Amino acid sequence: MRPRRASARGARAVALIAIGLVLLASAPPRADAAIATQQAVEEALTCQCGCGLTVHSCNHLQCNSATPLKREIAEQIASGQTEEQILEYFEHKYGEKILSAPGTSGFNLTAWVVPYLGIGLGGLLIGVVLARWRRGSTPVPSGEHSAPSHPPAPPGTADNQDLRARLERELEEYDRRS
Amino acid sequence: MTEIGRLAIVFGWMVALWGIIASLAGAWRRDRSLIASGTHAAYAFSALTAIAVAALLDALLTRDFNVEYVAAYSSTTLPTWYTIAALWGGMKGSLLWWTFILAVCNSIVQFQNREKNRDLMPYVTAVMLSVGAFFLALLVFVTDPFERLPFTPVEGSDLNPLLQNYWMTIHPPSLYIGYVTTTVPFAFAIAALASGKLGDVWIRTTRRWALFSWFFLTLGNLFGAAWAYVVLGWGGYWAWDPVENAAFMPWLTATAFLHSVMIQEKKGMLKVWNMVLVILTFSLTIFGTFLTRSGVISSVHSFTQSGLGPFFMGFLLVILVASLALLIYRLPLLRSRNELESIFSREAAFLLNNLVLVGIAFTVFWGTVFPVISEWVRSVKITVGPPFFNRVNAPLAVALVFLMGVGPVIAWRRATLASLWRTSFGPALAAVTCGAVVFAGGARNYYAVVAFSIATFALTVMASEFWRGTRARQAMMHEGAWTALSRLIGKNRRRYGGYVIHVGVAMVFIGVVASSVFKVEAQKTVKIGESVEIGAYRLRYDGIRVDDGPHVLRTIAQVSVWKADGDKLSPIASVTPEKRFYKKPRQPTTEVSIWSTLGGDLYVVLGSFDPQSQLATFQAYINPLVCWMWIGGVVMALGTVICMWPTLAERTSPVEARVPVGTRVAE
Numbered sequence: 001m002r003p004r005r006a007s008a009r010g011a012r013a014v015a016l017i018a019i020g021l022v023l024l025a026s027a028p029p030r031a032d033a034a035i036a037t038q039q040a041v042e043e044a045l046t047c048q049c050g051c052g053l054t055v056h057s058c059n060h061l062q063c064n065s066a067t068p069l070k071r072e073i074a075e076q077i078a079s080g081q082t083e084e085q086i087l088e089y090f091e092h093k094y095g096e097k098i099l100s101a102p103g104t105s106g107f108n109l110t111a112w113v114v115p116y117l118g119i120g121l122g123g124l125l126i127g128v129v130l131a132r133w134r135r136g137s138t139p140v141p142s143g144e145h146s147a148p149s150h151p152p153a154p155p156g157t158a159d160n161q162d163l164r165a166r167l168e169r170e171l172e173e174y175d176r177r178s
Numbered sequence: 001m002t003e004i005g006r007l008a009i010v011f012g013w014m015v016a017l018w019g020i021i022a023s024l025a026g027a028w029r030r031d032r033s034l035i036a037s038g039t040h041a042a043y044a045f046s047a048l049t050a051i052a053v054a055a056l057l058d059a060l061l062t063r064d065f066n067v068e069y070v071a072a073y074s075s076t077t078l079p080t081w082y083t084i085a086a087l088w089g090g091m092k093g094s095l096l097w098w099t100f101i102l103a104v105c106n107s108i109v110q111f112q113n114r115e116k117n118r119d120l121m122p123y124v125t126a127v128m129l130s131v132g133a134f135f136l137a138l139l140v141f142v143t144d145p146f147e148r149l150p151f152t153p154v155e156g157s158d159l160n161p162l163l164q165n166y167w168m169t170i171h172p173p174s175l176y177i178g179y180v181t182t183t184v185p186f187a188f189a190i191a192a193l194a195s196g197k198l199g200d201v202w203i204r205t206t207r208r209w210a211l212f213s214w215f216f217l218t219l220g221n222l223f224g225a226a227w228a229y230v231v232l233g234w235g236g237y238w239a240w241d242p243v244e245n246a247a248f249m250p251w252l253t254a255t256a257f258l259h260s261v262m263i264q265e266k267k268g269m270l271k272v273w274n275m276v277l278v279i280l281t282f283s284l285t286i287f288g289t290f291l292t293r294s295g296v297i298s299s300v301h302s303f304t305q306s307g308l309g310p311f312f313m314g315f316l317l318v319i320l321v322a323s324l325a326l327l328i329y330r331l332p333l334l335r336s337r338n339e340l341e342s343i344f345s346r347e348a349a350f351l352l353n354n355l356v357l358v359g360i361a362f363t364v365f366w367g368t369v370f371p372v373i374s375e376w377v378r379s380v381k382i383t384v385g386p387p388f389f390n391r392v393n394a395p396l397a398v399a400l401v402f403l404m405g406v407g408p409v410i411a412w413r414r415a416t417l418a419s420l421w422r423t424s425f426g427p428a429l430a431a432v433t434c435g436a437v438v439f440a441g442g443a444r445n446y447y448a449v450v451a452f453s454i455a456t457f458a459l460t461v462m463a464s465e466f467w468r469g470t471r472a473r474q475a476m477m478h479e480g481a482w483t484a485l486s487r488l489i490g491k492n493r494r495r496y497g498g499y500v501i502h503v504g505v506a507m508v509f510i511g512v513v514a515s516s517v518f519k520v521e522a523q524k525t526v527k528i529g530e531s532v533e534i535g536a537y538r539l540r541y542d543g544i545r546v547d548d549g550p551h552v553l554r555t556i557a558q559v560s561v562w563k564a565d566g567d568k569l570s571p572i573a574s575v576t577p578e579k580r581f582y583k584k585p586r587q588p589t590t591e592v593s594i595w596s597t598l599g600g601d602l603y604v605v606l607g608s609f610d611p612q613s614q615l616a617t618f619q620a621y622i623n624p625l626v627c628w629m630w631i632g633g634v635v636m637a638l639g640t641v642i643c644m645w646p647t648l649a650e651r652t653s654p655v656e657a658r659v660p661v662g663t664r665v666a667e
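If you read the sequences in order, they're chains A and B. The first sequence begins at 1 in the working numbering and counts up by one. The second sequence begins at 1 in the working numbering and counts up by one.
Derived by calculation from the structure, the hints in this document are not laboratory data. Predicted model, so just to flag it, every value in this text is computed and none were measured. Ideal Cβ placement from N, Cα and C applies to all residues, glycine included. A couple of the hints might just be wrong.
If you anchor each label on the Cβ, the simulated ranges turn out as follows [said to hold, decoys possible]: (1) B:L326 / A:S105: 42 to 50 Å; (2) A:V113 / B:T80: 32 to 40 Å; (3) A:L121 / B:V318: 21 to 29 Å; (4) B:R378 / A:R71: 43 to 51 Å; (5) A:N64 / B:G307: 27 to 35 Å; (6) A:T37 / B:R204: 40 to 48 Å; (7) B:Y446 / A:T37: 18 to 26 Å; (8) A:T37 / B:L553: 51 to 59 Å; (9) B:D547 / A:S105: 52 to 60 Å.
Residues from chain B that keep clear of chain A, each with C-beta distances beyond 12 Å, as calculated [as the list claims (entries may be wrong)]: (10) Y43; (11) R378; (12) L429.
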């Protein structure tokens with residue numbers, strides 16, 4: 001395999017790995033259209049008492065915000081609403097700030113997209129940088145060891161090619177034995 | 001005494017200004033006496049800041065309530081230990097405390113470099129004194145910690161009861177030390193840019209400072225999580241609060257720096273990127289300080305909505321503009337011969353590691369500031385809470401732990417598939433086995449199964465590195481196992497200390513995943529003699545005891561814990577959750593009672609108590625493997641100490657490059 005083709009494929013591999021990291025994260029949450037659970041809805045709403053926690057996690061018992069919200073959630077569930085419908089109800093009643101994560105429409109979509117975009121672009125940049133470094137490098141024999149202890153002869157000389165071929169053979173033999 | 005403190009901060013600010021001027025002028029004019037004067041100013045700055053801290057501490061301990069800060073954050077009944085902690089409990093005191101730590105660091109840096117790095121030190125002195133001058137300027141002109149009231153209250157308002165906790169006395173100092181010590185690598189980086197001495201000297205000089213800073217950022221974050229866990233009573237330890245995020249972001253970029261700097265040391269690559277990471281890390285510490293004092297983003301940690309926000313934002317902009325301008329100016333000198341034999345190499349793995357770390361930092365930053373951006377753009381308030389951060393960061397965390405396992409098994413320069421297969425087969429097998437066991441055990445959360453498998457992979461890699469290294473030493477040196485192991489670590493402190501840190505990180509990761517995904521909760525109102533069932537536990541409410549002291553009224557529930565063992569229930573522990581009412585600030589708090597084992601915590605909260613009916617409401621949580629987080633933190637700390645510990649050669653060899661002050665040294 002020619003070094004340049006190998007470096008291009010390798011750079012693509014790195015870029016794909018980076019994009020894979022991005023895709024590994026699932027899409028922004030979509031509320032389950034099936035039966036809603038009390039805890040799931042409580043986790044999706046933010047307590048308004050100033051604790052900064054979700055309704056479920058608020059540590060103030062008899063909290064002026066979390067306690068009535070929990071009752072309201074239970075009533076909504078009892079009326080047969082789905083989780084998505086319940087969250088829409090609370091958003092309509094109290095405003096977007098009640099939701100503990102941004103929605104997935106309009107400007108709020110940027111909250112979810114920008115991190116993935118940033119990481120993806122970073123991965124592509126790394127792929128480009130690695131490909132450039134790979135093109136700028138001097139090839140050495142494959143193997144897990146570092147460069148030979150003596151300084152390499154200038155590239156292109158017959159001695160250098162012989163030494164490199166010998167080193168490659170010996171390293172392959174070492175790999176085979178171990 | 002407070003008058004002395006006030007004078008100390010005024011003179012300290014003036015001395016800092018002189019030190020900046022003298023150092024820069026001395027560097028430009030190559031004037032040894034001016035440079036020396038700058039050095040002396042740094043020491044004087046430290047002394048004056050220490051006097052100011054002593055003065056404020058004296059006012060607190062003597063309960064001088066005529067001082068506004070003392071009246072606001074202490075009382076006659078506040079225990080001495082918490083009275084001392086009040087030094088950093090309020091905004092003004094915390095700014096003075098920050099400045100004091102910076103001054104101490106500056107003095108240590110001056111002493112360490114008294115006979116070396118002569119080209120860099122004037123700029124280092126100038127940068128560190130500039131930061132100190134900024135903080136003192138706030139205290140001199142904007143918010144005076146020694147401000148006196150027009151009257152003297154007979155009693156103070158007391159320290160916030162939530163802060164009257166052991167963890168709270170060590171969390172802020174740890175975090176502040178971590179924040180402040182990022183100034184040292186930053187100062188040396190700026191000095192390298194300003195002086196044009198862009199070799200590896202600044203990296204080598206500040207490597208331990210970077211590790212030291214990372215050590216305290218790690219401890220500070222974990223102590224904060226521990227405090228939240230034992231005090232706040234919601235069963236968790238991390239809520240992605242903006243100020244928690246502000247402490248986490250510099251830790252992430254500092255971690256990236258500690259990895260990528262290895263590439264610069266080995267191959268002379270990534271010089272520009274390492275500069276960027278150092279600047280970014282320090283900038284994020286200032287950004288975190290801005291968040292807690294501006295009121296821009298609401299947080300339970302916010303000191304107040306003070307007027308300091310614009311000053312910190314201005315200072316942050318100056319830092320970024322000046323640093324980046326210097327960096328761009330010196331770009332031609334920072335170019336290195338970048339070579340890479342193979343994409344499948346440790347260099348590439350480190351780059352991916354940096355991508356993930358900086359990616360998480362960016363995600364956390366974006367989620368923290370998005371509510372502000374949304375309000376600017378749409379005039380609509382929104383919340384970005386745990387579901388967002390968990391959703392985006394969870395897979396990135398898995399990727400990071402995976403890379404942590406890959407790093408040691410992939411060679412520098414070029415790795416072959418054969419060598420990768422040989423070194424990673426065992427860990428991969430262990431990972432698959434773990435996943436199968438977890439799945440067979442009933443876990444159906446795919447993220448948890450993958451996460452545990454990846455963590456097992458990383459832990460097995462670390463274990464095999466220690467095993468192979470020890471076995472090799474035993475074979476070569478004919479040493480016993482423990483001797484071989486200890487000498488293996490002793491002779492390769494950076495490498496094996498790093499592996500120990502990785503073990504700690506994997507343990508923290510396992511604790512976080514288990515306690516997040518498999519948490520069990522229960523809440524019930526019971527009368528005396530009745531029980532609450534949770535998992536395999538039964539909690540029996542045995543009674544209530546009231547303890548009415550001068551400082552606090554405590555309502556303590558007596559709860560006996562029984563655990564199912566087959567068909568039998570056996571008593572295993574007693575827990576005593578409390579409700580407290582602090583009399584001075586008239587504020588209730590909840591004191592959690594935790595019964596902790598390696599397998600998990602039983603976490604019990606007394607939610608409410610009705611004295612007439614004696615009915616009590618209990619909240620109970622089972623947090624599986626949560627103590628692995630704390631143990632993992634200890635392991636991380638141990639690994640860092642191993643990395644930082646000087647070798648025998650470093651302890652006994654003469655100081656390198658002993659050169660008279662002011663002499664130019666060619667690099």
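Original post:
Against which earlier hints does the structure fall short, listed by number upward?
Top reply: 2, 4, 6, 8, 11
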